[in-house]
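Chemist: Single-letter residue listing:
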Amino acid sequence: MDGPAISVEDLHLSYGSGWLRPRLAALRGVTLALGAGEIVAVLGPNGSGKSTLFKVLAGILDPETGRARVLGRDPRAPGLVTQVGYQPEGALPYPHHTALDLLLHMAHHLGVPPAAARTQAATLLARVGLASAAGRRVAALSTGMARRLGFAVALLGTPRVLLLDEPTAGLDPLGSLLVMDALRSLAAEGVAILLASHQLEEVEQTCARVILLHEGRVQAEGTLDALLGTGDDLMVFRGLDAGGLARIRDTAAAAGGAVVREGRERAHLFALFRRLAREDA
Amino acid sequence: MTPGARIALRVARGLAPANALALALAAALVAWVPVLPGGGEGPERAAAWLLHVPAFLLVATALALTVEAWPLLGRGRPGALWLARLPLRPWQGCGAAALGGLAALAAHLAVLGAGFALLAAAAGLSLPQPRLHVAYAPEGTRTVLAADRPELVLRARVAAPVTEVRLRVRVLSVPGTAYAPARLELRAAGLPAVAIEARGSFEPARVALPGARPWPELTLRHAGGAPVHLDDDSLRGLGGPCGTAGANAALAALAWLAPGTIVAAFLVLARGVVARGLLEALAPALLLLLALAAAGPAAAAVEALADGRWLGSGDLLPAALPSLGAAASAMILALLPLARNRG
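From first to last, the protein sequence lines stand for chains A and B. Numbering of the first sequence is given in my numbering, commencing with residue 1 and proceeding in unit increments. Numbering of the second sequence is given in my numbering, commencing with residue 1001 and proceeding in unit increments.
Counterexamples of contact, computed for chain A against chain B with all Cβ distances above 12 Å:
#, residue
1, 4
2, 9
3, 29
4, 131
5, 225
6, 243
7, 269
8, 279
Cβ-to-Cβ under 7 Å is the rule here; a few derived chain A residues that face chain B:
#, residue
9, 59
10, 60
11, 78
12, 81
13, 88
14, 90
15, 93
Partner residues aside, some chain B positions facing chain A, computed with beta carbon under 8 Å:
#, residue
16, 1003
17, 1010
18, 1085
19, 1087
No wet-lab data here; the hints were simulated from the structure. Each residue gets a CB set at the ideal place from its N, CA and C atoms; glycine is no exception.
Work the whole structure out from these sequences, hints included.
Modeler: Rendered as structure tokens:
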């Protein structure tokens, strides 16, 4: 397929009939496109239409007007479910199943042959760090473990597109790191990934492009550089004493500029977690 | 494993403690029967009717477990979004869930029925040994025997060997005359007439017949006293023993599948507009209404159990077909428009 993996043109969708429930416009003319191998984040406050957009792309909701295409086809097209992984927000189905049974059950729904399903389920459980929890009931998993299991469910089949609605919500930093690393690796294999998140730091580190939704409209869209701009030039010095720093201030003033902010740099906690996780691995 | 099979296993596992509770309840009720007012008169018959209580409990629990096991049964359920996008064929979605739940219920109802018979026997209230029953229907439309209409010919509905005839008639009182027991005569081809006295309505009278052979036609003659009215159950031929009381009780309990199926059809129909909690509350309420209205074959099956009528002879299933057919049609109709909407 040569076209975009996901394309949406002027999408409109409202909830409520206007009779018993007031009509609420969730999407008002959303347009976007996403190519293979791209990771794009949809950002926006609660109620901005992110989950509704994902439901349309997953084939759960029909738009009132506008056009949505996933891998060049209608999102409800038969056979697309195995090529489009979807992780909705909220709880997993079958809380009484074990983690492994849930994967097998969902693989059955997707039409994955039993032998292949068993192999893939074991691989995915290991990929999301849940190999040791394969026999644990879904209801007994922690929030983060359940979210990782949901991510594994989204990877069942042979997804070429991933729709992930807050995949790292409730995850600890190591869990988030695991999911984000997996996303980068999947994107490198050519999988198109659209994700909604409130974890802005993760988005900055993982996504090349973001789409800002507000009240059902695309408020801004573009690469992080384009959206955030380059701002002030930044220089980091190491090994200077107070006298050396004073001379730099003087130099800056002589060149017609100024040092506007000074401080001691401290490593981010996330970077610490990342380093520890890699050492552990 | 298919979704329906997984749900069947889930419901079967969940029903195990409910069945143990239902049997414990049945044991308590059966032990209580002899002290019921009137319990001394045919306590076995009263005991059979108590099967309704644990069966109701079991069916209601099975329906609640089915709703809980399948997130698409009930609007806005947690986890439903995962399944809502899947291209489930009609009998893979809510239909499979309902069938899975009903299959598990069937297995547990059979166990409940057999267990109930054992408990009743342990309490000294053995359920009647089942026998083959042959119903005799009056020829024509007349159903009253009186001095001015003294004779009725009754024909057997099926040709099966019988060894005994049981007569249970309604004795009618005539205004302005003193009450007198009805005196009747039963005639069968080649046999001398047998006199029968009916003192009160539905008092059973039994007449032994020689040998064990089909008697296609019997004649009842009014020989004095009060007039009597005959219904479909008034004259029955009783054949030899069939099966065991435990097997008969299991079949009677299985008749509860019919109201269970009707309510399951309702759950499938209502799933898109009703939340889970409300569905779980409506299911037992609807089941209770069906039980009170004696809709479906459950009441007739338990009556047959109390009566010692062998349920495996097959005349109960045709009676259940209309209600089962209506439930199945409702389910299919509910699922047809959802081939696209994934349910």
